[in-house]
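J.: Listed below are the residues making up each chain.
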Amino acid sequence: MISITRSFSIRTNGKGLSEITSHVEGIVRESGVNEGTATVFVRHTSASLVIFENADPTAARDLEMFFERMVPESGEGYFHTLEGPDDMTSHIRMVLTRSSEVIPIVDSRLGLGSWQGIFLFEHRRAPHSRSILVNVTGVP
Amino acid sequence: MISITRSFSIRTNGKGLSEITSHVEGIVRESGVNEGTATVFVRHTSASLVIFENADPTAARDLEMFFERMVPESGEGYFHTLEGPDDMTSHIRMVLTRSSEVIPIVDSRLGLGSWQGIFLFEHRRAPHSRSILVNVTGVP
Amino acid sequence: MISITRSFSIRTNGKGLSEITSHVEGIVRESGVNEGTATVFVRHTSASLVIFENADPTAARDLEMFFERMVPESGEGYFHTLEGPDDMTSHIRMVLTRSSEVIPIVDSRLGLGSWQGIFLFEHRRAPHSRSILVNVTGVP
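Going down the list, the sequences are from chains A, B and C. According to numbering that gives the first Met the number 0, the residues represented by the first sequence are 0 to 139, in order. According to numbering that gives the first Met the number 0, the residues represented by the second sequence are 0 to 139, in order. According to numbering that gives the first Met the number 0, the residues represented by the third sequence are 0 to 139, in order.
Honestly, the hints are just simulated from the structure, not real lab data. Since this is a predicted model, take the numbers as computed values, not measurements. For every residue, glycine included, the Cβ atom is placed at its ideal position computed from N, Cα and C. Just so you know, not all the hints are guaranteed correct.
Computed, partial: chain B to chain C, Cβ under 8 Å [said to hold, decoys possible]:
id	residue
1	ILE3
2	PHE7
3	ILE9
4	THR36
5	VAL70
6	GLY74
7	GLY110
The following label-pair restraints were derived from C-beta to C-beta distances [as the list claims (entries may be wrong)]:
id	chain 1	residue 1	chain 2	residue 2	range
8	C	PRO84	A	ARG10	23 to 33 Å
9	B	THR80	C	ARG28	27 to 37 Å
10	C	ALA125	A	ARG10	39 to 49 Å
11	A	ASN12	C	SER113	39 to 49 Å
12	B	PRO71	C	SER73	31 to 41 Å
13	A	SER17	C	SER113	20 to 30 Å
14	B	GLY31	C	GLY25	40 to 50 Å
15	C	SER113	A	ARG10	13 to 23 Å
16	A	LEU81	B	THR57	34 to 44 Å
17	B	GLU18	A	LEU81	41 to 51 Å
18	B	GLU82	C	ASP106	20 to 30 Å
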């Protein structure tokens, strides 16, 4: 039985999706696990994870527009605004998506469907460095 | 230590919830795991998972109506519409629910509460065949 | 390899967040796992889990206000109202947040970021006792 935890960082360019599938796949390969699970975890409260369509870039653009409308930065009367109008909205957008995602491993590979990618979802306007943990647990 | 990954498919009848608890319970039983976790994962970007009230069918109807209002098919000006007006809305509804769900195993059984069931949430209008992975990891 | 599942209960004071990080940390310590995962699971359909900002209490207040607006108790025409106007809204708020959360373990500790806490999110108006399962799986 194997269980390893690794971390990596990515640099975001402000709000939007950044695909991290290949980073996670690399850690699964390194682990030597044939059957098990990969747990992805984002160590921040203003960025989150989603598994999303990875083929058509307009889908990501539509998703970002939807979040702008559903969790607007203006007119909501938030109290938690120390870091600006995108402070509280970032926490809410994180709550409405995911901090952790677990993907079964089949034949030494992530069991993702054809159109699924793993994405970091940055909710702040400014670029940030984001730290992600990946645990791989299973049998060789 | 045991770690097995199995898959199954279910046929949906268009938008709505389909309970899959008994499929997952069957794989837990087959695994021989007494204490551990069951990871459920849906391999699609237009269907998702929720753990939900499994006693009163009006709860599922109300949930579906809420999502129709929160993520409406018309008037939003989406770009990603190649497969019709329920294409982008399906991706958004998936992002707002779950792709993976992990349930601890206690005494060889899923540790669900009395009213909890595991459901596939279909977001497309047309019937689809949906593929689900289940990993069970733990000690016998 | 180690895999243990433990449970604990907390008493809520009606709607809002209750931090449970120290309960989960205690179970990780007890397990003796050095590298692995902690799975947190809430056994209810009207309370849920979020990983959230744990420093500024106004962030929790803003989050609760946002959910009151996004999933309002009045004027929505729900059918599932046997237990009152906060019955169906509780199920919806649970679906929009999480039933399970998985945190990698690094050096015998939860791999949370500096500002992350694990919270139970109560969605009913009345105080409730809520049951939470924690599984810890990994290597010593």
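J.: Each hint: holds or not?
T.: Here is what the structure says about each hint:
no.	hint	result
1	ILE3	14 Å, violated
2	PHE7	20 Å, violated
3	ILE9	19 Å, violated
4	THR36	5 Å, holds
5	VAL70	11 Å, violated
6	GLY74	19 Å, violated
7	GLY110	5 Å, holds
8	C/PRO84 x A/ARG10: 23 to 33 Å	46 Å, violated
9	B/THR80 x C/ARG28: 27 to 37 Å	51 Å, violated
10	C/ALA125 x A/ARG10: 39 to 49 Å	46 Å, holds
11	A/ASN12 x C/SER113: 39 to 49 Å	23 Å, violated
12	B/PRO71 x C/SER73: 31 to 41 Å	20 Å, violated
13	A/SER17 x C/SER113: 20 to 30 Å	21 Å, holds
14	B/GLY31 x C/GLY25: 40 to 50 Å	29 Å, violated
15	C/SER113 x A/ARG10: 13 to 23 Å	19 Å, holds
16	A/LEU81 x B/THR57: 34 to 44 Å	43 Å, holds
17	B/GLU18 x A/LEU81: 41 to 51 Å	44 Å, holds
18	B/GLU82 x C/ASP106: 20 to 30 Å	47 Å, violated
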